[in-house]
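J.: Spelled out, the chains give:
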Amino acid sequence: MNIVVCIKQVPDTTEVKLDPKTGTLIREGVPSIINPDDKAGLEAALRLKDQYGAKVTVVSMGPPQADAALKEAVAMGADQAILLSDRAFGGSDTWATSTVIASALKKLDYDLIITGRQAIDGDTAQVGPQIAEHLGIPNISYAEDIKLEGDHIIVKRKYEDRYHIIKCKLPCLITALSELNVPRYMTPGRIFDAYRNEELATKVWGVNDVPVDTTVIGLKGSPTNVFKSFTKAPKAAGNVYKPDTAEEAAQIIVDKLQEKFIL
Amino acid sequence: MNFTLSKEHQLAQNLFREFADKEVAPLAHEIDETERFPVETVEKMKKLGFLGIPYKKEYGGQGCDDLTYVLMMEQLGRVCGSTAIIASVHTSLCCGALNNAGTEEQKQKYLRPLCDGTWLGAFGLTEPSAGTDAAGQCTRAVLDGDEYVLNGSKIFITNSGWADVYVIFAMTDKSQGSRGISAFIVPANTPGFSVGKPELKMGIRASTACELIFENVRIPKENLLGKEGKGFGIAMKALDGGRIGIAAQALGLAQGALDNVIAYVKERKQFGKPLSKLQNTQFTLADMETRVQAARLLVYSAAVAYDQGQPISVKAAQAKLFASETASYVTNRAVQLMGGYGYMREYPVERMMRDAKITEIYEGTSEVMRMVISGQLLK
Amino acid sequence: MNINDYKGVFVFAQQVDNKVASVSLELLGRGKGIANDMNTTLTAVLLGHNNDEMAKTLIQHGADKVISVDDPMLEVYMTEPYAYALTKVIENYKPSVLLLGATAIGRDLGPRVSARVHTGLTADCTGLAIDEENGNLLMTRPAFGGNIMATIICPAFRPQMATVRPGVMQALAANADAKGEIEKFELEIPASCKNVEILEIVENKPERMNIQDANVLISGGRGMGTAENFGQLEKIADLLGGTISSSRACVDLGWTTPDRQVGQTGSTVRPNLYMACGISGQIQHLAGMEDSDLIVAINKDETAPIFNAADVGIVGDLNAILPLVEKKIAEIQAAK
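Same order as they appear, the protein sequences are chains U, W and S.
Residues in the first sequence are numbered from 1 upward in steps of one, following this note's numbering.
Residues in the second sequence are numbered from 1 upward in steps of one, following this note's numbering.
Residues in the third sequence are numbered from 1 upward in steps of one, following this note's numbering.
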C-alpha cells in the first residue's frame with residue numbers, strides 16, 4: 001500500500017509573541033515545527049505501515065527550509081520525502097495550494113492520502129478536502145481513528161457531539177486530528193539516515209516538475225487575497241465596580257453578558 | 001573552524017530536548033525523593049535507540065557518533081542527573097569496553113542486545129580498597145578448566161540490580177599489579193553473583209550504587225574481554241570515553257540550574273522590583289553563563305576529537321574537570337540567588353546542586369583529572 | 001466568470017437531526033445586515049430531508065427565502081451528496097456571498113465546494129463587512145494562533161465564501177410573523193455520490209470540553225475557598241455552554257485537574273467570556289487568558305492585579321454573587 005502524508009512546516013504559534021511597542025509579530029527565534037495535526041497524520045500512516053506494511057511518502061509545499069520538516073518525518077520513519085518548492089508557488093491561498101499539491105500527487109502512486117485537519121498558523125482546514133476534490137476522490141475529515149479492512153478504510157469521523165463510523169473504498173483522503181494519537185519520537189540513527197543516506201534524500205519538485213496550469217497558482221492565481229492584517233486593538237481600560245449588594249453585582253455581570261451577546 | 005552543530009546534530013538535539021522535557025523532567029523530583037530507579041524511562045530510551053547511539057548498526061547501535069551521545073547526555077543532565085548517569089554508564093563504560101575490546105563474537109552476543117535496547121549494562125571496577133587507585137583490585141579470577149572462577153566484591157556500581165550484563169575487572173595475576181587485571185563479561189543471572197544493599201547517596205538518588213558480590217562465580221573463558229592482563233587498559237580507555245559523557249551530564253546540570261534561576265529572578269520581586277534588576281543578580285548570571293559556554297566548548301570539542309580518532313585522555317580530563325566544577329559552581333550560585341526557595345526541595349536547583357557534586361568525583365576525581373592534564377604537560 | 005451575474009447573500013443552513021444549527025441562525029442574523037448593505041436579499045440553503053419545519057424556522061430568523069433540497073440522501077451529512085447539492089444550488093442561483101458555519105460540517109463542505117466551483121473560501125471568520133467602495137465582502141479572521149487578524153477579500157471570483165465561527169454573530173429573535181418564500185429545488189442526486197458508508201453513529205457528549213475549545217470559561221482561583229465551590233462555577237458554565245477552568249493554585253491544591261489550568265504552565269485560552277472568580281491574576285495567569293474577548297473578574301481584594309486585565313471587575317464576595325448570577329442567567333434564558 002502507498003500512503004502519502006501531506007505535512008506543513010509552521011512556526012510554533014504558542015511561541016509567537018507580539019512586540020508590545022510595535023504590535024507586530026516577533027518571528028525571530030520562533031522554532032519551526034511540523035504542524036501538529038499533520039504530525040498525527042504521519043503517525044497514523046506509520047502505524048498503518050507497522051501493522052499492514054506500506055510505503056509512506058511525505059509531501060510538503062514551502063520554501064527550501066521546509067525540508068527540515070521532511071527530514072523530521074523521515075527520521076520518524078517515512079520512506080520518501082518530496083518538497084514542492086518554487087517561487088511560482090509562493091503566495092498561494094488554499095485553492096492554489098491544493099491545486100499544486102494535487103498536481104504533484106497525480107505523479108505519485110497512492111492508495112491513501114492523509115493530511116492534518118488544519119495548520120496552526122492559518123487554521124483554515126481547507127487544503128485537505130480541496131486536494132481530494134482536485135483529485136476526484138472522497139475525503140473524510142476530522143479522523144480520530146483509522147483502520148484498514150481489505151481495500152476499504154474505516155474511519156471514526158468526529159463531529160461536535162458525535163462520531164460517524166465511516167467506511168470508504170480506497171483511494172481516499174483523510175484529514176487527521178492531533179487527538180488521533182501521540183506521535184512517536186524520531187530515533188537518533190534515523191535522523192542521521194535522513195541527512196546522510198542518499199536514497200532518503202528529499203526530492204525537490206519545482207513548477208516544471210509538476211503538471212499544473214501556472215495561471216491558477218501562486219499569488220496571482222489565488223482567488224483570495226489578504227486585504228489587510230492588523231493586531232487586535234488594545235482593549236480600553238475596564239471598569240471596576242464596588243457594588244453594595246450581591247444582587248447589584250450580579251446584575252452588572254449579567255447586563256454585560258447580554259451586551260456582548262454571550263447571553 | 002566551525003562552531004555550529006550540523007543539521008543532523010541539531011535535529012538530534014531537538015529530539016533529546018523534547019524527550020527530556022516530556023518524559024524525564026516530570027519524574028525527576030519524584031524519583032529523587034523516593035530513590036526509585038526510573039525503569040519506565042529506561043524502557044523508553046531502549047525503544048528509541050538512546051542506549052546505543054555511538055555504536056555501529058551492525059552491533060544494534062544507531063550508527064551516530066560520540067557528539068550525538070554527548071548531546072543526549074547534556075539534555076538528560078539538564079533535567080535529571082540520575083537518568084543521565086544510567087545512560088552514561090551503560091553506553092560509555094559497559095558498551096564502550098565491549099566495543100573497544102570485544103571479539104566479533106562477543107560483540108554480536110553482548111554488545112548487540114545492549115545497543116538494540118534488549119539489555120541494560122553496568123561496569124564494575126571500584127572496590128572498597130580500590131577507588132582512584134584502581135590497581136588495588138582484590139577481586140580475583142582463576143582459570144579452572146574452561147571457566148574462570150571469580151571471587152570478591154565491587155562497590156558503588158551504577159545500574160547494579162537493573163543491569164543484564166556487567167563488565168567486571170578482576171586480578172588474574174596479583175603479582176603483576178595493574179598488568180595483572182583482566183576484564184570479564186558477567187551476565188547478571190550467573191550463579192554465585194549477587195547484588196548487595198543499595199547505598200544511600202547525597203545526589204543522583206534514583207540511580208543505584210550497590211555492592212556486587214562474587215562467590216565462586218564461574219564464567220566460560222570466552223567471556224574474557226581482551227587478553228588476560230589487559231583489563232586495566234580496557235578500563236582506562238572506557239573511562240576516557242566515559243568522562244566526556246560525565247562532562248556532558250555536568251554541563252546539562254549547570255544549564256538546567258541556569259535556566260531555572262533565570263526564570264525565577266524574572267518573576268521574584270524584592271524591594272519592589274524583580275531580582276533580575278539587581279546588579280548582583282546580573283553579574284552572577286553573566287559569570288554562570290560564561291562558564292557554561294566555556295564548558296560546552298570543551299565538552300563538544302572532546303567529543304569531536306573522540307569521533308575523529310584523536311587521543312582524548314587529556315581533552316576528556318579537561319572537559320570533565322571544567323564541566324563538573326562548573327556544575328558545582330553554577331548550581332551553588334543558583335541556590336544562592338534563589339535564597340530560601342533555592343534551598344527548598346520544591347524547586348529543582350537544590351537537587352541539581354546535590355547531583356552536581358558527584359560529577360567531580362566519579363569516573364575519576366577532579367584531582368585525577370589534574371594529574372592526567374599535568375602529566376601530559378610535564379612528561 | 002462575470003461577477004455581476006452573482007447576486008444575493010446565501011447562508012448554508014446546517015441541520016443535524018432535523019434541527020437547524022444555532023450557528024446558522026447566527027449567520028442569518030449577520031447575513032441580514034450584509035444583505036441590507038448590498039441592497040439584496042438573504043437566502044437560506046437547506047439541505048436535508050423533511051425540511052418544512054426547519055424552513056419555517058429559517059424564515060422566522062430572517063431569511064427572505066429558503067431554497068430547500070429535500071432528499072433522503074441528505075438526511076445525515078455526507079460530504080459528497082452535500083457537495084453535489086450545494087454546487088448545483090450555486091450554479092443555478094449564482095449567489096454573490098455564501099456563508100457557512102465553521103463547524104465540523106461547514107469546514108468539510110466549504111472547502112470541497114469552493115474547490116469544485118473554483119472560488120475562494122475564507123475560514124473561521126469572526127467579522128464580516130461590506131467594502132463601501134466596491135461592494136466586496138471583507139472577511140476578517142484570526143491567524144497565527146490569534147496573534148494577528150487578517151481581512152481577506154475574494155475580488156474576482158464568486159460566490160465569496162466564508163465559514164464563520166460559532167458564537168461570534170448574533171441571531172435575530174424569532175419572529176413568528178415573518179414572511180418568506182420557500183422554494184423546493186428539485187434535484188436528482190446521483191447514486192454514485194454515495195461514495196462512503198456510515199456504519200454507525202455514536203453519541204459523544206464529552207464530559208468536559210477542552211478549555212481551549214470553550215467559548216465560555218468560568219474560572220476559579222484560590223479565592224474559591226474549597227473544591228466544592230467549583231460546583232457553582234460548573235452550573236454557570238453549563239448554562240452558558242462553556243466549561244470551567246482554574247488557576248495553577250487550584251490544581252496544586254487538588255481542587256481541579258491539570259487539564260483545567262490556564263496560564264503560562266497551563267493552556268492559553270481565548271474564549272468569548274472569561275470569568276475569573278477568586279483569581280488574583282499573577283502575571284503567569286494573565287499570560288494565558290488576557291486575549292479573551294470579555295474578561296469579568298470577581299475578587300474581594302480590590303488591589304488584585306486581575307482587575308487591571310478585566311473589562312468588568314467586581315469587588316465583592318463571590319459566594320454571594322455567583323448563585324445570583326446563575327439565577328439571573330437562567331431567568332433570561334427561560335424568557336427566550
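Keep in mind that the hints are not guaranteed to be accurate.
List of simulated lysine to any residue pairs, SDA-like, C-alpha gap at most 25 Å [stated by the list, open to error]: (1) U:Lys228 <-> S:Leu324; (2) W:Lys7 <-> U:Arg196; (3) S:Lys32 <-> U:Ile26; (4) W:Lys47 <-> U:Gly53; (5) S:Lys205 <-> U:Glu160; (6) W:Lys7 <-> U:Glu15; (7) U:Lys158 <-> S:Glu75; (8) W:Lys221 <-> W:Glu147; (9) S:Lys194 <-> U:Tyr159; (10) W:Lys22 <-> U:Gly53; (11) U:Lys256 <-> S:Asp301; (12) U:Lys256 <-> S:Lys328; (13) U:Lys260 <-> S:Asp17; (14) U:Lys156 <-> S:Leu324.
Partner residues are not named here, just some residues of chain S that face chain U (Cβ under 10 Å, in silico) [what the hints assert, rightly or not]: (15) Lys32; (16) Ile34; (17) Asp37; (18) Pro155; (19) Gly254; (20) Thr257; (21) Leu294; (22) Asn308; (23) Glu326.
Just so you know, the hints here were simulated from the structure itself, not pulled from any lab data.
Model, not experiment: these values are computed from the prediction.
Think of the CB as a built atom: it goes at the ideal place given N, C-alpha and C, for glycine as much as any other residue.
J.: Please go over all the hints and tell whether each is borne out by the structure.
T.: Here is how each hint holds up against the structure:
1. U:Lys228 <-> S:Leu324: Violated - the C-alpha atoms of Leu324 (chain S) and Lys228 (chain U) are around 44 Å apart, more than 25 Å.
2. W:Lys7 <-> U:Arg196: holds (11 Å)
3. S:Lys32 <-> U:Ile26: violated (39 Å)
4. W:Lys47 <-> U:Gly53: Holds, at about 20 Å.
5. S:Lys205 <-> U:Glu160: Holds, because 8 Å separates the two Cα atoms, which is no more than 25 Å.
6. W:Lys7 <-> U:Glu15: holds (22 Å)
7. U:Lys158 <-> S:Glu75: holds (18 Å)
8. W:Lys221 <-> W:Glu147: The given pair, whose Cα atoms are some 5 Å apart, holds under the 25 Å limit.
9. S:Lys194 <-> U:Tyr159: Holds. Lys194 (chain S) to Tyr159 (chain U) sits at ~19 Å (cutoff 25 Å).
10. W:Lys22 <-> U:Gly53: Outside the cut-off at roughly 30 Å; violated.
11. U:Lys256 <-> S:Asp301: With Cα atoms ~21 Å apart, Lys256 (chain U) and Asp301 (chain S) stay inside 25 Å; holds.
12. U:Lys256 <-> S:Lys328: Status holds; Cα separation ~12 Å.
13. U:Lys260 <-> S:Asp17: violated (29 Å)
14. U:Lys156 <-> S:Leu324: violated (42 Å)
15. Lys32: Violated, because the Cβ-Cβ distance from Lys32 (chain S) to chain U comes to roughly 15 Å (cut-off 10 Å).
16. Ile34: Interface hint status for Ile34 (chain S): violated (16 Å vs cutoff 10 Å).
17. Asp37: With Cβ-Cβ at 16 Å, over 10 Å, it is violated.
18. Pro155: Pro155 (chain S) check passes; min Cβ-Cβ to chain U is 7 Å, inside 10 Å.
19. Gly254: violated (26 Å)
20. Thr257: Violated, because the Cβ-Cβ distance from Thr257 (chain S) to chain U comes to roughly 18 Å (cut-off 10 Å).
21. Leu294: This interface hint holds because 5 Å falls under the 10 Å limit.
22. Asn308: holds (8 Å)
23. Glu326: holds (9 Å)
Consistency with the previously given hints fails for numbers 1, 3, 10, 13, 14, 15, 16, 17, 19 and 20, ordered from lowest to highest.
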